[in-house]
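Keeping the supplied structure of chain A fixed, place chain B upon it in accordance with the hints.
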Amino acid sequence: AQKITQTQPGMFVQEKEAVTLDCTYDTSDPSYGLFWYKQPSSGEMIFLIYQGSYDQQNATEGRYSLNFQKARKSANLVISASQLGDSAMYFCAMRQGGTSYGKLTFGQGTILTVHP
Amino acid sequence: GAGVSQSPSNKVTEKGKDVELRCDPISGHTALYWYRQSLGQGLEFLIYFQGNSAPDKSGLPSDRFSAERTGGSVSTLTIQRTQQEDSAVYLCASGLTSGTHNEQFFGPGTRLTVL
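Protein chains in written order, with this note's numbering: chain A, 1 to 116; chain B, 1001 to 1115.
Just chain A, same shape as in the assembly (with noise of 0.2 Å):
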């Protein structure tokens, strides 16, 4: 069974700084899909980030990056200079199989606040 795990309930950062949120992923398919989105305090998920597991390069969305270690299973959200907006819930989600639709499942989340 596939699976995503956030470790981190809550993460602070200062504004400008830059902060990784962590994610590691339980998959026996080698092939997969590993998003980002996020979820500020009004709720809607904005999608951020991919990364393919086959893709060789590492991720980068502007401020946005994936620390992909595809042998530690683990997909890191690294944002650079932070923002009062990045306030808000990240989750981590993974679609297995080599489609490029089909379900999602999700980590538990991760609450950033930014502080000015």
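In short, the hints are calculated from the structure, not lab data.
Even for Gly, the Cβ is constructed at its ideal location relative to N, Cα and C.
Warning: the hint list may mix true and false statements.
[Stated by the list, open to error] Restraint ranges, calculated between C-beta atoms of paired labels, are given here:
1. ARG1081(B) with ASP55(A): 14 to 24 Å
2. PHE12(A) with ARG1081(B): 35 to 45 Å
3. SER1062(B) with ALA18(A): 16 to 26 Å
4. ARG72(A) with THR1013(B): 44 to 54 Å
5. GLU1020(B) with LYS16(A): 24 to 34 Å
[As the list claims (entries may be wrong)] Rough simulated footprint, nothing fancy, chain A against chain B, three-plus residues with beta-carbon under 8 Å:
6. 1048-1058
7. 1080-1094
[What the hints assert, rightly or not] In silico negatives: residues of chain B with every beta carbon more than 10 Å from chain A:
8. THR1013
9. GLU1020
10. TYR1033
11. ASP1063
12. GLY1072
13. THR1097
Then chain B, alone, in the frame of chain A:
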């Protein structure tokens, strides 16, 4: 363009009543997903539609839950004989099935409270 919309945004019902939750996906998205978010269980997958058929219903928690999609567009999630443990935010998402990573685009959710 318009995003995923869901209605109602809030629903309060009494235990034992039936409820219907509606999702309007992004136009052209062939895949549609229902998830449930609750404090105790986190974010759980319920059902996935490709077009009007549901190849994955593995997350539906009981036979009180059903869903349909018509015209490859609007979907309705029905919960019969609601129980207090059904209280949660029900999220709908849509996405493409061609392309590479195809992220899922989520709606604002329906908050269901069963008294």
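To see whether the hints hold, each was checked on the structure:
no. : hint                                 : result
1   : ARG1081(B) with ASP55(A): 14 to 24 Å : 46 Å, violated
2   : PHE12(A) with ARG1081(B): 35 to 45 Å : 44 Å, holds
3   : SER1062(B) with ALA18(A): 16 to 26 Å : 44 Å, violated
4   : ARG72(A) with THR1013(B): 44 to 54 Å : 46 Å, holds
5   : GLU1020(B) with LYS16(A): 24 to 34 Å : 47 Å, violated
6   : 1048-1058                            : holds (count 4)
7   : 1080-1094                            : holds (count 3)
8   : THR1013                              : 20 Å, holds
9   : GLU1020                              : 21 Å, holds
10  : TYR1033                              : 7 Å, violated
11  : ASP1063                              : 20 Å, holds
12  : GLY1072                              : 14 Å, holds
13  : THR1097                              : 4 Å, violated
The structure shown violates the earlier hints numbered 1, 3, 5, 10 and 13.
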